[in-house]
Amino acid sequence: MIEILTPREIDRARATGALVARILETLRRRVEPGVTLLDIDAWAKQMIEAAGAESCYVDYAPSFGRGPFGHSICTSVNDAVLHGRPSAVVLRGGDLLTLDLAVSLDGIVADSAVSFLVGGRGSAEDAALIDATERALAAGIAAARPGARVGDIAHAIGAVLAGSGYPINTEFGGHGLGSTMHQDPHIANTGRPGRGYLLRPGLLLALEPWAMLDTAMLVTDADGWTLRSATGCRTAHSEHTIAITEEGAEVLTLRGPAADG
1 MIEILTPREI DRARATGALV ARILETLRRR VEPGVTLLDI DAWAKQMIEA AGAESCYVDY
61 APSFGRGPFG HSICTSVNDA VLHGRPSAVV LRGGDLLTLD LAVSLDGIVA DSAVSFLVGG
121 RGSAEDAALI DATERALAAG IAAARPGARV GDIAHAIGAV LAGSGYPINT EFGGHGLGST
181 MHQDPHIANT GRPGRGYLLR PGLLLALEPW AMLDTAMLVT DADGWTLRSA TGCRTAHSEH
241 TIAITEEGAE VLTLRGPAAD G
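If you're matching positions, the sequence shown starts at 1 in the UniProt record's numbering and goes up one per residue.
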């Protein structure tokens, strides 16, 4: 299913995107060594409910998971890159943490992810990996405009990731959004320009470049959800929700100063 949103629905999407951005930025500020992944999940749940919204993950039970997911946010650490299920794991300084949050507010979903180093310190290799996913995301956003195609976005993302020396996995990638979290079109993290679905105003997309340091292969934890690099290498993941407008791509999940809480 592909939904084309009305201008009024895009306004609602802006509100959802702002909420997701605010929660992620607040969580990022709160995270420090000694915090557990379950702490983060509890904070996210509290903020989502206080806003009158719902997490898209609690009842999420796709064919590839062992569901339902049962938590409010994905928390992936170090070699975990996607669908990290919150647990009692205690974060340490230098851990590479990814927070991935999808929320529904007033019937419209927004989805975003951010990777960062706990305690603000880590290796130059980790910092470069995070930076590559952020640059790939920026390139994908720049390629998204009316009349372009999904392949143009995928190609722009893949050019940055491959140019930075990282293998690319195409099993999981970006996707359409609207009244539900995962819709068509699928947006792989590499592709051929000029191919795929034609972009038009009213389309809501989640672009999410992610990379692993030295492999394109994933393995799944015993929890049936957490996806890790097959070699145990570090990983990173950056994501924004965008709306295709007459002028181009509007980023709905830009993070700024977090609200207290």
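Fair warning: there could be bad hints in the mix.
Simulated crosslink set (DMTMM-like; lysine to aspartate or glutamate; CA at most 25 Å straight-line) [unchecked claim]:
1. K45 <-> D131
2. K45 <-> D11
3. K45 <-> D223
4. K45 <-> D95
5. K45 <-> D221
6. K45 <-> D59
7. K45 <-> E25
Simulated restraints on C-beta separations [said to hold, decoys possible]:
8. G256 <-> D11: 11 to 21 Å
9. P68 <-> G256: 31 to 41 Å
10. G224 <-> R200: 17 to 27 Å
11. P68 <-> G34: 39 to 49 Å
12. G224 <-> G120: 46 to 56 Å
13. T245 <-> G67: 28 to 38 Å
14. D223 <-> K45: 17 to 27 Å
15. L38 <-> P201: 22 to 32 Å
16. G194 <-> A162: 36 to 46 Å
17. P7 <-> A222: 45 to 55 Å
18. A50 <-> S179: 33 to 43 Å
19. V58 <-> A88: 13 to 23 Å
Please keep in mind that the hints were generated in silico from the structure rather than gathered at the bench.
Since the model is a prediction, treat every value here as computed from it, not as a measurement.
Where a beta carbon is used, it is the ideal one built from N, C-alpha and C, also for glycine.
Task: Restraint check for K45 with D131, where alpha carbons must lie at most 25 Å apart - done: violated (28 Å)
Task: Range hint compliance [Cβ, V58 to A88, 13 to 23 Å] - done: holds (19 Å)
Open item on the list: K45 and D11 were given as a pair; does the straight-line alpha-carbon distance stay at or below 25 Å?
Closed with: holds (24 Å)
Open item on the list: If I claimed the Cβ atoms of A50 and S179 lie 33 to 43 Å apart, would that claim hold in this structure?
Closed with: violated (22 Å)
- [ ] Go ahead and decide if the range 11 to 21 Å is satisfied by the Cβ distance of G256 to D11.
- [x] holds (19 Å)
Task: Distance restraint evaluation - L38, P201, Cβ atoms, bounds 22 to 32 Å - done: Once the Cβ atoms are compared, 41 Å apart, the range 22 to 32 Å for P201 and L38 is violated.
Open item on the list: For a C-alpha distance cap of 25 Å, please report whether K45 and E25 respect it.
Closed with: holds (14 Å)
Open item on the list: Taking the Cβ atom of D223 and the Cβ atom of K45, is their distance within the range 17 to 27 Å?
Closed with: About 19 Å separates the Cβ atoms of D223 and K45, which means 17 to 27 Å holds.
Task: Restraint check for K45 with D95, where alpha carbons must lie at most 25 Å apart - done: Status holds; Cα separation ~23 Å.
TODO: With 28 to 38 Å as the target window, see if T245 and G67 comply at their CB atoms.
DONE: Given a distance of about 34 Å, which is inside 28 to 38 Å, the answer is holds.
Task: Given hint D221 paired with K45 - CA-CA distance at most 25 Å - done: holds (24 Å)
Open item on the list: Quick check on a hinted range of 39 to 49 Å for P68 and G34, using CB atoms only.
Closed with: violated (29 Å)
Checked against the numbered hints above, the structure violates hints 1, 10, 11, 12, 15, 16, 18; every other hint is satisfied.
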